[in-house]
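So the sequence lines, in the order shown, correspond to chains A and B. Under my numbering, think of the first position of the first sequence as 16, with each following residue one higher. Under my numbering, think of the first position of the second sequence as 16, with each following residue one higher.
Just so you know, these hints were derived from the structure itself, not from any lab. Worth double-checking, as some hints may not be accurate.
[Said to hold, decoys possible] Only pairs whose alpha carbons sit at most 20 Å apart, straight line, appear in this in silico DMTMM-like list of lysine to aspartate or glutamate:
{"hint": "1", "chain 1": "A", "residue 1": "K134", "chain 2": "A", "residue 2": "E181"}
{"hint": "2", "chain 1": "B", "residue 1": "K192", "chain 2": "A", "residue 2": "E268"}
{"hint": "3", "chain 1": "A", "residue 1": "K192", "chain 2": "B", "residue 2": "E268"}
{"hint": "4", "chain 1": "B", "residue 1": "K105", "chain 2": "B", "residue 2": "D218"}
{"hint": "5", "chain 1": "B", "residue 1": "K192", "chain 2": "B", "residue 2": "E109"}
{"hint": "6", "chain 1": "A", "residue 1": "K192", "chain 2": "A", "residue 2": "E268"}
{"hint": "7", "chain 1": "A", "residue 1": "K105", "chain 2": "A", "residue 2": "E268"}
{"hint": "8", "chain 1": "A", "residue 1": "K192", "chain 2": "B", "residue 2": "D218"}
{"hint": "9", "chain 1": "B", "residue 1": "K192", "chain 2": "A", "residue 2": "D269"}
{"hint": "10", "chain 1": "B", "residue 1": "K248", "chain 2": "B", "residue 2": "E109"}
{"hint": "11", "chain 1": "A", "residue 1": "K134", "chain 2": "A", "residue 2": "E268"}
{"hint": "12", "chain 1": "A", "residue 1": "K192", "chain 2": "A", "residue 2": "E181"}
[As the list claims (entries may be wrong)] Examples of chain B residues toward chain A, derived with CB under 8 Å:
{"hint": "13", "residue": "A55"}
{"hint": "14", "residue": "F56"}
{"hint": "15", "residue": "V74"}
{"hint": "16", "residue": "S150"}
{"hint": "17", "residue": "K192"}
{"hint": "18", "residue": "P194"}
{"hint": "19", "residue": "R278"}
Owing to the predicted nature of the structure, the values given are computational and were not obtained by experimental measurement. For each residue, glycine too, the CB sits at the ideal point set by N, CA and C.
Protein chains: 2
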Amino acid sequence: MQAAQDLRSRIRAGDFGRPTAGQAPGFVQANLVVVPQSAAFDFLLYCQRNQKPCPLLEVVEAGQVEARRLAPGSDLRRDVPRYRIFRDGKMVEERTDVSDLWRDDFVSFLLGCSFSFEKPLLDAGLEVRHVTRGSNVPMYRTTIPTRPAGVFSGPLVVSMRPFPPEAAIQAALITGKFPEVHGAPIHQGAPEAIGIADLSRPDYGDAVPIHAGELPVFWACGVTPQEALLRAKLPLAITHAPGHMFVSDVREEDLPFFHNRVR
Amino acid sequence: MQAAQDLRSRIRAGDFGRPTAGQAPGFVQANLVVVPQSAAFDFLLYCQRNQKPCPLLEVVEAGQVEARRLAPGSDLRRDVPRYRIFRDGKMVEERTDVSDLWRDDFVSFLLGCSFSFEKPLLDAGLEVRHVTRGSNVPMYRTTIPTRPAGVFSGPLVVSMRPFPPEAAIQAALITGKFPEVHGAPIHQGAPEAIGIADLSRPDYGDAVPIHAGELPVFWACGVTPQEALLRAKLPLAITHAPGHMFVSDVREEDLPFFHNRVR
């Protein structure tokens, strides 16, 4: 737990502003979405209807800034390395601290992130390309629609990792064990079938090379709500910047028990 | 699908008012909770925080009465064999039709029910006592608290099925495959450890005999929200009567795909 707490301390102090892939290995990382209370029912329902891209780990109610279950002592206004500010459906700026924008009616949603299954992939001997390169994972808008809920709708966003065909099978089996962090892939092999024209030009994150004979494998991504925020046109909303996640104190091996126990 | 639709038709026509265990075998049955929009965020969050007792299958928004994903053409005001009406935190009456109580601001929540895993148990050669006897499953209030959300809080309610020790292991493995309908048991063997003083006096449903050498096995139950409604003291709320479920068109074998696909 020390590694996660140390990283959050560095982030809070302004000493770490990079993507968090590979940082505090073994600890669950989370996507952040913050909306005013007036949109909170719609967004909670959007998550319920789109569990592959939006696997909810914790909801922090209005008036609170601490993710008590994921990270006691945390402060959602300062513990994410980079935030994005959305106004009226436009992403207007990025910041490393959103304390002075915070309002008492903000409700925060923390969603599972595919970074949490990368250690199990590496442990199985698979090469995860963007981890090898030390870059951000490539993410793409698709033509697969999400299920709408109130003001929220929009396309599914996916993250992509290339694997040789047999490793892609292993990757599907391994990630399928972690539904709390997007679970099994949603597609592989034919990016054009899900509306991705050019893998070398991701909509978020950094491109990675795909070697001859490798399949691009696609997982539902927690950046999906950012597309929904562009369409919802709320006066104000806040998210993490893609790849710059909230790092929790929960160990990845405890994920299967996160929702499946009663005490 | 015909069996489920026929049963809903009989219920709507007032020709079937009994518990639904064992009816339309193979089709998913659901618990119903209806609250005014003003309490809908709190209740949705309560479900998110208590997924074992409250595994959400579908939310039907204000102004709608049809569960489009679970049962196209359904009418939530008439398709449950028996309803319970809650006023100011008291269960005041039971009805077989709630059309004239319905309001445009009602939001309906359909939660998975353990009846959905009884066919797999029977298929594995296990005896399910209350099915053998044709009675309602016994349900008990426990001393395990649920995680509160807004106005909702209260004790976990469990359903109980007795099994010989080795069958109890099988039952845990089988039901663990169905997290959408409460999943694996939460306790077995020592009812007093979870606050149940007398198995012969269930709080809901009917008692069943437990033979020598059998373990009582306990599953989180979708009646849990009814305890939370008693405490929330909403002016008006509606649920199914315990054991009298909403029968859907979804096949039990499709449950694993219900939340885990994107199209």
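Hints, one by one, checked against the model:
Note on A:K134 and A:E181: the hinted pairing holds, with a Cα-Cα distance of about 18 Å set against a maximum of 20 Å. This hinted pair checks out: B:K192 and A:E268 have alpha carbons roughly 19 Å apart, not beyond 20 Å. Pair hint A:K192 plus B:E268 holds up; C-alpha atoms about 19 Å apart against a cutoff of 20 Å. Our distance criterion of 20 Å between C-alpha atoms is met by B:K105 and B:D218, whose separation comes to about 16 Å.
In summary, the hint linking B:K192 to B:E109 is not supported, as the alpha carbons are separated by about 34 Å, beyond the 20 Å threshold. With a C-alpha separation of about 11 Å, the suggested pair A:K192 and A:E268 falls inside the 20 Å cut-off, and the hint holds. A hinted pair counts as satisfied when its Cα atoms are at most 20 Å apart, and A:K105 with A:E268 does not qualify at roughly 37 Å. About 36 Å separates the Cα atoms of A:K192 and B:D218, which puts this hinted pair outside 20 Å; it is violated.
With a C-alpha separation of about 18 Å, the suggested pair B:K192 and A:D269 falls inside the 20 Å cut-off, and the hint holds. Restraint check: the Cα-Cα separation between B:K248 and B:E109 comes to about 17 Å, which is no more than 20 Å; the hinted pair holds. With a C-alpha separation of about 10 Å, the suggested pairing of A:K134 with A:E268 holds against the 20 Å cut-off. Restraint check for A:K192 and A:E181: the C-alpha separation of about 18 Å stays at or below 20 Å, so the hint holds.
Interface restraint check for B:A55: the shortest CB-CB distance to chain A comes to about 6 Å, inside 8 Å, so the restraint holds. Of the supplied interface hints, the one on B:F56 holds, with its beta-carbon coming within about 4 Å of a beta-carbon of chain A, less than 8 Å. Here the hint on B:V74 is kept, as its CB sits about 6 Å from the closest CB of chain A, short of 8 Å. For the restraint placing B:S150 at the interface with chain A, the shortest Cβ-Cβ distance is roughly 26 Å, beyond the 8 Å limit, so the hint is violated.
Given the 8 Å rule on beta carbons, the hint for B:K192 is violated: about 12 Å separates it from the nearest Cβ of chain A. Taking 8 Å as the C-beta contact cut-off toward chain A, the hint placing B:P194 at the interface holds, the least distance being around 7 Å. Residue-level restraint check for B:R278 holds (minimum Cβ-Cβ distance to chain A is 6 Å; threshold 8 Å).
In summary, the structure is inconsistent with hints 5, 7, 8, 16 and 17 from the numbered list given earlier, while agreeing with the others.
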